[in-house]
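*Asks:* Chains as they are written, first to last, in our numbering: chain F, 1 to 266; chain Z, 1 to 272.
Keep in mind the hints are simulated off the structure, nothing from the lab.
Take the hints with a grain of salt, since some may be wrong.
In silico contact screen, one side only, chain F against chain Z (beta carbon under 7 Å); selected entries [claimed, not checked]:
{"no.": "1", "residue": "L9"}
{"no.": "2", "residue": "V186"}
{"no.": "3", "residue": "I193"}
Over the 12 Å line for every Cβ pair with chain F, so calculated as not near, a few chain Z residues [unchecked claim]:
{"no.": "4", "residue": "M16"}
{"no.": "5", "residue": "T32"}
{"no.": "6", "residue": "L35"}
{"no.": "7", "residue": "D120"}
{"no.": "8", "residue": "E208"}
{"no.": "9", "residue": "Q215"}
{"no.": "10", "residue": "V227"}
{"no.": "11", "residue": "P235"}
{"no.": "12", "residue": "G239"}
The structure displayed is predicted, hence computed values, not measured ones.
Every residue, glycine too, gets a C-beta built ideally from N, C-alpha and C.
The primary structure of each chain is shown beneath.
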Amino acid sequence: MPDWNGQGLPPVAKARVERFAASGLRTSLMTVPSAVGAEVAGFTAVGEVMGCVVQRIAWTGSALGTADYQMKAYADAIRAGYGISLTRLCREADALGADGVLGIGFTVTTIDTGVEEFVALGTAVRAMTKQRPKRLFTTDLPGEDVGKLMQAGWVPVTVAVGIAARAVYDWNMQYQTRVTAGNTEVQAPTQLITAIRAAARTEFGKAVRAARADGGIVSEMRLRSWELGETGVAGVTRILGTAIAQFHSGRAAPSSALTILPLKRS
Amino acid sequence: MTTADPAAQHIPEDAMRRLAEMRPGQKTSLFTSDLTVNEFLLVREAGFRPLGLVLGSSVYHVGFQMGRWSQNQELDRLSQAMYHARELAMSRMEAEADVLGADGIVAVRLEIEFKEFGNDLAEFIAVGTAVKADEPGQWRNNTGKPFTSDLSGQDFWTLVQAGYAPLGMVMGTCVYHIAHQRFRQMMSNIGQNVEIPQYTEALYDARELAMSRMQAEAEQLEAEGIVGVQLLSLPHRWGGHTTEFFAIGTAVKPLREDHHIAKPQLVLPLTD
Numbered sequence: 001m002p003d004w005n006g007q008g009l010p011p012v013a014k015a016r017v018e019r020f021a022a023s024g025l026r027t028s029l030m031t032v033p034s035a036v037g038a039e040v041a042g043f044t045a046v047g048e049v050m051g052c053v054v055q056r057i058a059w060t061g062s063a064l065g066t067a068d069y070q071m072k073a074y075a076d077a078i079r080a081g082y083g084i085s086l087t088r089l090c091r092e093a094d095a096l097g098a099d100g101v102l103g104i105g106f107t108v109t110t111i112d113t114g115v116e117e118f119v120a121l122g123t124a125v126r127a128m129t130k131q132r133p134k135r136l137f138t139t140d141l142p143g144e145d146v147g148k149l150m151q152a153g154w155v156p157v158t159v160a161v162g163i164a165a166r167a168v169y170d171w172n173m174q175y176q177t178r179v180t181a182g183n184t185e186v187q188a189p190t191q192l193i194t195a196i197r198a199a200a201r202t203e204f205g206k207a208v209r210a211a212r213a214d215g216g217i218v219s220e221m222r223l224r225s226w227e228l229g230e231t232g233v234a235g236v237t238r239i240l241g242t243a244i245a246q247f248h249s250g251r252a253a254p255s256s257a258l259t260i261l262p263l264k265r266s
Numbered sequence: 001m002t003t004a005d006p007a008a009q010h011i012p013e014d015a016m017r018r019l020a021e022m023r024p025g026q027k028t029s030l031f032t033s034d035l036t037v038n039e040f041l042l043v044r045e046a047g048f049r050p051l052g053l054v055l056g057s058s059v060y061h062v063g064f065q066m067g068r069w070s071q072n073q074e075l076d077r078l079s080q081a082m083y084h085a086r087e088l089a090m091s092r093m094e095a096e097a098d099v100l101g102a103d104g105i106v107a108v109r110l111e112i113e114f115k116e117f118g119n120d121l122a123e124f125i126a127v128g129t130a131v132k133a134d135e136p137g138q139w140r141n142n143t144g145k146p147f148t149s150d151l152s153g154q155d156f157w158t159l160v161q162a163g164y165a166p167l168g169m170v171m172g173t174c175v176y177h178i179a180h181q182r183f184r185q186m187m188s189n190i191g192q193n194v195e196i197p198q199y200t201e202a203l204y205d206a207r208e209l210a211m212s213r214m215q216a217e218a219e220q221l222e223a224e225g226i227v228g229v230q231l232l233s234l235p236h237r238w239g240g241h242t243t244e245f246f247a248i249g250t251a252v253k254p255l256r257e258d259h260h261i262a263k264p265q266l267v268l269p270l271t272d
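Kindly produce the complete structure, drawing on both the sequences and the hints.
*Replies:* Structure follows, in structure tokens:
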């Protein structure tokens, strides 16, 4: 097998896509309700698609550069991981002649110290329409949600990700966290966490705006923070969601909710 | 709406056209939202437009206070800490919503996460979605702030349909130290099924304090009542005898005289 240079799809993935295209076999990762939801919205599954990248995260917490600088480099690496895995997933979907990818899920696994694998998995779908979208649309929402959105006049545009990581040192922290400090807000981590979340939200908003969408639905917002000695704190956050665009004209959505009461114990 | 025939609905054709017409420089007012798809659609249906995800947080050092070994008592310093830190997070979230010109904040989550590091360090965070009503009206509460509500999008829709409006989230907290039993009492109870009155009384006291504080907040907002109340016992990290009793709910006022809730259709789901 020839060595792969990192451009385009790996040879095995390419071979799989070609095999699917030739045989016309259609696979799907969707659950039954999800597939029905997609059907209601006018989509049929054409195949499961994957994008994956393994990369070394050159972030060790050593004395190279300031902690804040290193954290920003760490964020860049994570951002690249999501970006590349999503691009590869889209390339597979394009090769299958899809119009969009539904229910994209990301998994990040640590393979070795400082080596992380980013995997994006989803189901490529084709719209039963004459009109083709200019670009493949992607969403982390399952088929049911896409069905409901489309009935109400909204169409998913793209998966949007916001990543931010920062670190800060503050001598006051050791005094503010002493047992005798009493009730007090601890400034350094409060400001750090606020700044990280603000940066990630801005990035998420930029991604939505860059896609020319009307809004973004956040499906996940995670933050992890840890201490750096007694005077420092570092944190990383990830916001994941879908940018959506309105396609119906007029102000109100064309559907209305039906009040139902399920006859089962929840 | 149950038909699966897309041609009958003309939906994807329009949708795909919208995706084909994405062009640079298009003027849009962008929103972000922390709601699920169901909630997002229902909040729109209720006549509100999401403006943006808003949040406030505070990393707080909770002070130290020892309860007397054999005495039921509120640990007021800890109660104050829990109040103050939540207040900081909430007011920062409200300030963000105010900047966006929101009428209110829906689906607010108020969470506490004790950090792995530091002594008694906890992050208090309030997250919600700022919304603006399509029809202008008196949505802000008597403090001039946007209303807040921890109700889900579904509950919010039902509330507005029934002719009520949320005023604000109200809460009451009480950190309580429950007395240990004295040795003689413990010995006299061995092998018997008996009530331990001072435990019962302690739990009553603590819950009563939390609930009455929540009610006092609702009275300040001139609310008609409180819906969706949760009464939680949060042990946090203070050991078995010190617990936070936390009451939280949404204070509401009537929007109009008649309250009519549409009779729901009964369905039997064929799924688990």
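*Asks:* Going back to the hint list, which numbers does this structure go against?
*Replies:* 1, 4, 5, 6 and 7
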